[in-house]
Every structure is written in structure tokens, then in C-alpha cells.
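One-letter residues, chain by chain:
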Amino acid sequence: MRLAQHSSHQVDYSKSLNFIFNNKRYKGYEGDTLASALLANDSFLFARSFKYGRKRGLMAAGVEEPNALVSLEIGGRYTPNLKATEITLYDGLSAVSASNPNAFDMRAFIKPLHRFMPAGFYYKTFIKQKVWAKVEDSIRAFSGFSKAPTEEDVDVYDHIFHHAEVVVIGGGAAGISAALEVLNNSEKERVILVDERSQLGGELFNEFSSDEAAMTWHKDSVNRLLSFSNKDSERFTLLTQSTAYAWHDQNFIEVLETITTAESLTSSESQKARKIVHRIRAKEVILATGAHERPMLFEANDLTNIMLSQSVRRYLHEYGVISGKKVVIYGNNDSIYSTAKDLHVNDIECIVVDVRSSEKPIEIISELKDSGVKVLQGYSIVKALGSHRVKGVEIKQTMLQGNSWQVFGDTETLSCDLLATSGGFNPVVHLDCHNGAKTYFDEVSQSFLPQQDRDNREVCGAVAGAGAWQDAIIDAKNKAQFTLNALGVVSKLTQEILSENYSNFFNVSQFFTPKEILNMPKVFLDLQNDVTTLDVALSIREGYRSIEHIKRYTAMGFGTDQGKTGNINGIAVAAELLEIPMSEVGTTTFRPAYTGVDFGAMAGREIGDFFDPQRYTTIHDSHVASGAEFEVVGQWYRPWYYPKTGENMHQAVHRECLAARTSLGMMDASTLGKIDVQGSDAREFLSRVYTNAWMKLAPGSCRYGLMCNEKGMIIDDGVSACINNNHFIMTTTTGGAASVYSALEMWLQTEWSDLDVHLNSVTDQYSTVAVVGPNARKLMKLLCQDVDFERENFKFMQWRQGTVCGVDARIMRISFSGELAYEINVEANYGRYIWDQVAITGEQWNITPYGTESMHVLRAEKGYIIVGQDTDGSMTPMDVNMSWILAKDKSFSYVGRRSFSISALCTEDRLQLVGLMTKDSSTVLPEGANAIDNKGKSIGYVTSSYFSPILNRSIAMAQIKGGLSKIGETVLVKIVQKKQGLKEIPCEISSSVFYDIEGEKVDGND
Amino acid sequence: MLLIHCPYCKESRDQSEFSPAGEAFIARPKNPEGISDEEWADYVFYRTNHKGNHWEQWVHANGCRKYFLVERSTISHQILQVAPFGARNNETEL
Chain A
0 MRLAQHSSHQ VDYSKSLNFI FNNKRYKGYE GDTLASALLA NDSFLFARSF
50 KYGRKRGLMA AGVEEPNALV SLEIGGRYTP NLKATEITLY DGLSAVSASN
100 PNAFDMRAFI KPLHRFMPAG FYYKTFIKQK VWAKVEDSIR AFSGFSKAPT
150 EEDVDVYDHI FHHAEVVVIG GGAAGISAAL EVLNNSEKER VILVDERSQL
200 GGELFNEFSS DEAAMTWHKD SVNRLLSFSN KDSERFTLLT QSTAYAWHDQ
250 NFIEVLETIT TAESLTSSES QKARKIVHRI RAKEVILATG AHERPMLFEA
300 NDLTNIMLSQ SVRRYLHEYG VISGKKVVIY GNNDSIYSTA KDLHVNDIEC
350 IVVDVRSSEK PIEIISELKD SGVKVLQGYS IVKALGSHRV KGVEIKQTML
400 QGNSWQVFGD TETLSCDLLA TSGGFNPVVH LDCHNGAKTY FDEVSQSFLP
450 QQDRDNREVC GAVAGAGAWQ DAIIDAKNKA QFTLNALGVV SKLTQEILSE
500 NYSNFFNVSQ FFTPKEILNM PKVFLDLQND VTTLDVALSI REGYRSIEHI
550 KRYTAMGFGT DQGKTGNING IAVAAELLEI PMSEVGTTTF RPAYTGVDFG
600 AMAGREIGDF FDPQRYTTIH DSHVASGAEF EVVGQWYRPW YYPKTGENMH
650 QAVHRECLAA RTSLGMMDAS TLGKIDVQGS DAREFLSRVY TNAWMKLAPG
700 SCRYGLMCNE KGMIIDDGVS ACINNNHFIM TTTTGGAASV YSALEMWLQT
750 EWSDLDVHLN SVTDQYSTVA VVGPNARKLM KLLCQDVDFE RENFKFMQWR
800 QGTVCGVDAR IMRISFSGEL AYEINVEANY GRYIWDQVAI TGEQWNITPY
850 GTESMHVLRA EKGYIIVGQD TDGSMTPMDV NMSWILAKDK SFSYVGRRSF
900 SISALCTEDR LQLVGLMTKD SSTVLPEGAN AIDNKGKSIG YVTSSYFSPI
950 LNRSIAMAQI KGGLSKIGET VLVKIVQKKQ GLKEIPCEIS SSVFYDIEGE
1000 KVDGND
Chain B
0 MLLIHCPYCK ESRDQSEFSP AGEAFIARPK NPEGISDEEW ADYVFYRTNH
50 KGNHWEQWVH ANGCRKYFLV ERSTISHQIL QVAPFGARNN ETEL
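Heads up: the sequence lines are chains A and B, in that order.
Under numbering that gives the first Met the number 0, the first sequence has 643 at position 644, and the numbering climbs by one with no breaks.
Under numbering that gives the first Met the number 0, the second sequence has 20 at position 21, and the numbering climbs by one with no breaks.
Next up, chain A with everything else stripped away, as it sits in the complex (with noise of 0.2 angstroms):
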């Protein structure tokens, strides 16, 4: 319910918004968390628990909430598994629970089963039995997380970029003065302040009514820290719902900034980011991430309306909202009593239990006693009651006995309906561990605080255990300074005092973890994974002594909270079940992210058309004016084939190839990778990385090459012509030319900077039109009259310099069809030119442009391989039968050659590449499938697979065992056929060139 207004409370009531909660009608404030409006709209109950489906109400009032997980909105909008302590409301919001608590629930159907659901219960009953895969479903469909998005988003995200000389993370008292403290006594120094809460304050509005102070002493330093914002925005950014998720290496800590607006989410038309991914590169950073409390123990600890205290404080002073009407605090520290002294002042009934017996008196114990608070010093609460909702509470008497804890005396029962706990705090490390700090436990504090000296960073506040706010803020002040000194801003530290005890977290007694509460049933730990102290017990009998391990075994802190609520009780659980010290089980490892991060704000704008770039080639716009459709490969868009009206893609490539075939075909090979090869030693460097010899080879011819690696393994091939003894021109694979062009500059800087080469990449420089079929030569007379295109002047594997329809052109002879060919090399921007005036030219011969699919049955044909498809990196020269071209003679051994003669790579039962014929012509065998021996092993696949027009007959390549040696043998290779099912197909061993053996179509036939 609500309060009736105060000016400490942080909402607008002048601004009331509408929303939709499983599926019923609310009302709240602007200034609400979706947490806060329900609980004034008496609405207790969020979720169902992840393995027991026990009903589950809000625990906390912020990041560490492991409950209240619900679904915001719908279709392209919907999001999974957010806090609902952490949503800021907004008019329209519809959102509905993870697991709907109202829902009937097979797991509370079972619940008698329970305690035959121990940690390790799914692996011990499923997949040891071998029955996981059957079950898997239905179990999954119980787990009390989202579905997951199912439509496209339709949302924006963003990156945005920072350079900061300071950061601060956190914005309440500690982080406000820090910041203060760094813009004040510096001019030109750039500080970034990120909270993850929509406004600055964090944990102070829970003091605003008791403390005057706290109040004036907020709005003053946010009005300062403002006027930095609008005086000069360059040096101060303010980030307010925005949690820092990571910190890497050198500084380098990523933000997620949520926008939530009813205008961000349910405008059609805004294309305003929904969430920002900052990601912020600093010099120093300030840590001012503050403390969770942490829960009591006691069975039945997670009855809805259980809460921790400073969460019960939250919603109270920050929202004006309370849960109960009747409240027990109980607790382990003097924070309990704020906490009673704020709802007495409220007019709240309420009852303190403190496990710690009055030793000294406080001030506050009495001031409360006297207005009428009953208060009991040394009782634990042993268990609560109610079935779903708290209605009261067992206490028994309870005292320290050296260092473990005695529960004693007659059970006496208190009724509340709401139970505020404290066991303590536990400060937020998480980043500063994230990018490698330690933790220590700190026995005053009780709390595990951050290494003590790093460079480049200081901790301050609540986090380096300072628990008052007065302290908070004069260690942010002190530290702030050794920032500023690291900077060279200041020279002089100036250090203020602090309170003594200031670092005892409010008196906070040892962790009350007795014996006789740990046996109990239903005590839980982490309340998202139902993980309970005898999971903890039960994983520490079956031999697990770590607690990474114990937390692996049982669970425990692996849902959507990380654990920040029960990790370190489950630490101290361990500790007191393992009977050693809490410093010696230590924490477990805390990594990336501290929160969820959405996926869509992790790609951000690289989404689409933007997520890789997308090369066309200058023709580009021929080949969508011819009907081409495309393939990928690379970046590169390439025309793939170019059906006719009615053709599908087999009879496109039937008509493309037996017009290569028989009279003429042009092609764009524009996309293949070009190297320029310039240097004194441009010859020699080809011969160290080439495996066949380059020394002889003479300006205007051209040569095919074949690339290793140094282990031996093919990367690469292409055509080199040279252009003069210190000019080459290299092509490379389309795919592989980026990686080539790195591996040879690798060479040349790092092992041979005594070449005198230079490499460029020419790539996106020239354009280049293939012209191949037998009427190729009569067609390139027509389109170039300075060139002498006759057949013994212009021989294969030449090039020549011409004018081609009025263009410099580089012709090269070259063919990777096997026919008569030649490519026209143009300055790129001439490119569609030049092809529109060979199709023209050359419609006399019916010239048919073909694609990337009839390039690979042509080749195919004449058994040339593509790397990449008819080798995967594990092949050597001798294993795709290319023995000859490897320089036998080469004064340099060049890269990959002293490979060639280890013993693993000159065995006979290597897979080598041979052609594989079926015996039944018509059958075109899939890429990939298995030939195998007559055991039914499999010894290869298929690589390369078509159906040849001109042979009319399919033909394919493959990887066999020795295959080279088994020339003319049959082999069976496995298929799936549609209907048939599994089919073994006899096919004939042969050599991987299936036409045009003797090679006479080269030249052509003119």
C-alpha cells in the first residue's frame, strides 16, 4: 500500500500512469520501478521458483532482486527475464511474470516430492539413466525462466564511445562526492559518473526523513554536479540507468544504458535507441559500487513478503510504499534499527529481533524502546510461517558461544505480515574481480572487501566497507585525492577523518549460521535456483570442497542475479559446514556480465545490411539487368547464374556451360584477389612462396601457382603474370585474398625484411572480363585491332598490353574452363563498359554470361580444384595429384617444401584427390557424402559434385584413402534420397579430369 505523500519520496504523484501486469489493470506514478507499483497495489506475488514451483514475492529493491524475473511487452518488443525492481514504469507498460505464479504448477503439484530433490537430482535420475533426451522438454518447459523471443526486434541499439580521464561507477553518496571531489579540483580532467537507478543518490533517500542532513547534503551536490553538466559537457557525463556490466583490460569498462519511455517503446515511428552499450576507455577509476545486504537464515526463508530490510527502507522512502502492516526486523547489525525507527515513525507496528545479546547499550535500542518498539536482543528467528505469505514467526533465545552460535530455550511465535531481514553486507567487487583484483575477508566487516592497492583505481564507500554515509562520503573525498595525484592534478593530498568503527558495517556480528538452522529443511540460499543449505551439506558429504565446485554441484548462484543475494551466505554455509575460516573457502570467481546484457545491444547498429560489408563489383548493375541471381562469396556479390524466363538453376547452368562449350560464354571475374608485386626481388620473393619455379619466367607471360603453408597444406593458388623482372601481378582466390595478402606481408616484415619487395592490394582497381569459348579469338580481334590475337603470337599463358573498344586493357590468356580464353583487365570504373560492349559484340556468337555455378562445372570437367572446396587446409600438393608442380630444383627452400618430406605427409593411405564416376550416369552425388569400404567405414567424401552438360553424365571429385592407387576400382558412397532413405551408389575411381583429356581446346578452334 501507499503512504500518504512526503517530499522524500521520489515519485511524481501529479503523474499517474496506466499498466498491465499478468494481465490485469494497475495504476502507479511516474518515478515507480514496475516492483514498487505493484506492491502499493498490494500485488505480492512475481514468480514461481525455478525447480520447486514454490509462489515467490519481491525480495529486494534493485539489481540484486533473485525473484521478480518477468516478460516486458510483446512481439518485436518483448524482452525476457527482466527485474521487475528494475524497470522503471511508464504509461502502457505491459509485462508478465517469467512463470506465472497464479498459474496452476506441476511442480507444486509434486511438492511432496521435494525432499527426493537433491542437488544433482536431474543428472542423477536422467542422464545417468540415459533418459535426458527424452525428458529434456518437459522438464525445460518447468523451469521458472522467459520463453525466449520468438519475432524479430524491432528495436534500435547503440554504440557509443568514450574517452575519460576519470570514471566514476556508482552514483549514491560515495560516488556523488567522488565525482565532486575530482571536477573541483581540476580544470581540464573529463570524469564520467554512471548509476545504474534513474537518479543520483542510490542508498542515501533511505536516510532523507530520519536525517535532515542527508537531504540538504544530496541536493546540494547533485545541483553542482548538474551545473558541470550543462557549464561544460565536454568534461562531465552523466550516465543514469546505466550499469557498468564488465571491466576489461586497461580500463576499458562497457555500459548498458536503458531508455525507458512510453515514447522509446511504443512509438512506430521513433528510431531512438532502446538501450546504449557505452564503452568507456579511462584513466582512472573511482569504484563507488556500494553494498547488498544480505538475507537472514531460517527455514521458510522464502515466503513471499520476506524481504531485506534496506530493500523495505527503498521502497518506503523512495516510493512511499510498504507491504505490511505489521513488521518483525530481524537481523545481525545496528542498520535493523533504522529501519524500525523509520516504520514507528510511519506509524507501522513493528517488532526488532537481534541475534546479538545487548552488551552495550545504543543510543537508538533505547530511544526506541522508550517510544514503544519492542525489542529482543538475543533471539533468532528459527522459522517462519505461513503457507505462501509470512503470517508470523518462531523465535528461540540465541547466544555466542565463542565462536559458534547457541540456539536454546522454549519456541515463542511472533505474527507479522511482513518480515524485513540484515545479515549483513556484501560489498559490490564484482567489477574490480572482473578485471583480475583480489578479495579479502575482512573479519571487522564481516564482508569480503576489495585488494587494498591497484593501480589505476581506488574503491570508496560502502564497497571498501565504509557503511555511514558520513563516512561514504569523506573516504570518496580522501580517495578522490590519490585519483587526482595519479592524474598529476594535485600534488598535496589533503585527507579528512573518518568516524572511528567506520568500517564495522553498523556492528555486524559474526555470520549466524547454528548448526541446528542448517539442518532444516527449506532453508534456502539462492532463492532463484532453490538451492538450500542441505544442498550445500549434501555436495560437502559427497566430497566437494571448493566452492566453485559446490556451487557448480548445487547450483547455487548460477540463475539471472548472479547470486548477489546468496553467494556469500553460501560461503559462510560451507565455512561453518567444512569447520574452517570464511577467508579459506574464499569466493567464487566473479566474471562478465554483472547484469544481463541484451543481445540486440550488443550488436547494436551492426545488424542486417550493416553486420558484414557487402562488395559489388562495378558490373554489378549488368548482372541485375540480365535477371542474375547471386552468391556470396567472401564479401563479394557474385553473379551465381542467370536463369531465362522459366529456367530453374539446373537448365541456367545446362545452357551457361554448353555455351562455354561450344561457342562462347563471358564471365565477371572481377572479384578475384590481385596482388601488385613491385621490387628488385619481386621474383625471388614469388619463388620463396610459390612451390613451382618463377626465375625464368619472362615479361608478358603468365604462370599458375600453387601456395603452402609451412606445414606443408595448400592455401592458395592463382595466376601471376609478369610485367616486368620487377613487376608482377598476382591473383589470388576470392575468398583468400585478404588472408594471402597478410601471410605474405607477415613474411616479408617479419623473416625477409632484406627482400626488396612491395606489395598493394589492386583488388577494387581493375575490372575483369572473361571471354571464353572456342570463338573467343574472333571475338577479341573485333573488340581490339593493336593487339596480334593470332594463336603461335599469342600463346596460352600470355598476356598483352592493348586498346580494348578504346580502353587500356592488360589481356591475359589464361582458362579455367579448359577453353580458349582470355580475361580483360580494365581500370575498374570501365568495367560495366567493357562487358556491355563484349555482349554486345558478341551477340553473332550467342555469347552467354555465365556464373560462379557454371564456372565450378567447367572446371570441374577439366579437374581443376578449388581451394577451399576440394581442399580444407590438411592437403598437400601430392595429395590432389599436383606432384608436378613442385620445383624440384629451387636454390631457397621455399615456404612449405621441408614439410613435404615429414612421414606423416608421405603416407599412402593419405586422402587423396581422385574423380569419382557413378555408375549410373544420371545420379549426381551430394557434396560431403561418405564413400566407404566394404565394412561400411568411411574412407573420404565427396568434394566437388555436378552434373556435366557436355559430357552428359555426372561427374565429381572426392577425398579417398590412397584413392591415387586405386585408379579404376569401384567404392560405394553413402547417400540419403528422398523416400529411398539410405543408398549406397557404386561409383568408378577415376581421374579427377574428365574432358578434354589431351588439352587441344585451349587454343581453340580458329
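Pairs of lysine to aspartate or glutamate residues, derived as EDC-like cross-links and limited to a Cα-Cα distance of at most 16 angstroms, are as follows:
hint	chain 1	residue 1	chain 2	residue 2
1	A	K710	B	E32
2	A	K373	A	E411
3	B	K65	A	E744
4	A	K710	B	D41
5	A	K710	B	E38
6	A	K710	B	E37
7	B	K29	A	E709
8	B	K29	A	E750
9	A	K918	A	E983
10	A	K710	B	D36
11	A	K918	A	E968
12	A	K146	A	E72
13	A	K887	B	E32
14	A	K889	B	E32
15	A	K123	A	E541
16	A	K373	A	E348
17	B	K50	B	E22
18	A	K965	A	D908
19	A	K325	A	E348
20	A	K23	A	D41
21	A	K26	A	D11
22	A	K918	A	E987
23	B	K29	A	D753
24	A	K282	B	D13
25	B	K65	A	E750
26	A	K340	A	E362
27	A	K794	A	D1005
28	A	K777	A	E842
29	A	K282	A	E164
30	A	K230	A	E188
No wet-lab data here; the hints were simulated from the structure.
Use these hints to put chain B onto chain A, whose structure you have.
Chain B alone, transformed into the frame defined by chain A:
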């Protein structure tokens, strides 16, 4: 995410501009044919995987495309120094 100083561009830039290129000072044997399979395999395959300060090669792939040397702690990921190739006497410092 590292911040790497390119000794050629003389600027500290984000790691996303660079690519790692393996351990530094793995010299190619002068006479590959004159050494045993084991020695050759040592050069091709085996690396020290050193824990501590480690020299490695990086390339400013989306920048000047130059390869250079980086001494980095494999424990803290701190970069201790960078150097162009040939700028220092590799043997003595190792």
C-alpha cells in the same frame, strides 16, 4: 580489450584495429633441409606458451598494416613495451 600503441602510427589504439600474429622471434631455420623432422616440427608447431612477460607479434591490420613487437604480461595483460622489427637486438634481450 587492450589498448595498443602502434610504433609506426605512434598512437595508442583499440585492440579491434589489430590482429595478433603469434609468438615473436620464431626464426625460420636457415637450412630447412639440413635439420631433423623434430627440429622442423619445433619451428612449425611448438610455442612456449609462456606465463609471464612474453614477446609477441601484432599487426595493425585495420591501420598501417605493419607488423611489430609487443611485450605483454600473459598474467595481467599489461603491455610493457612495443617495438618495430629490427629496432632492437633481439638476441641479447631474450
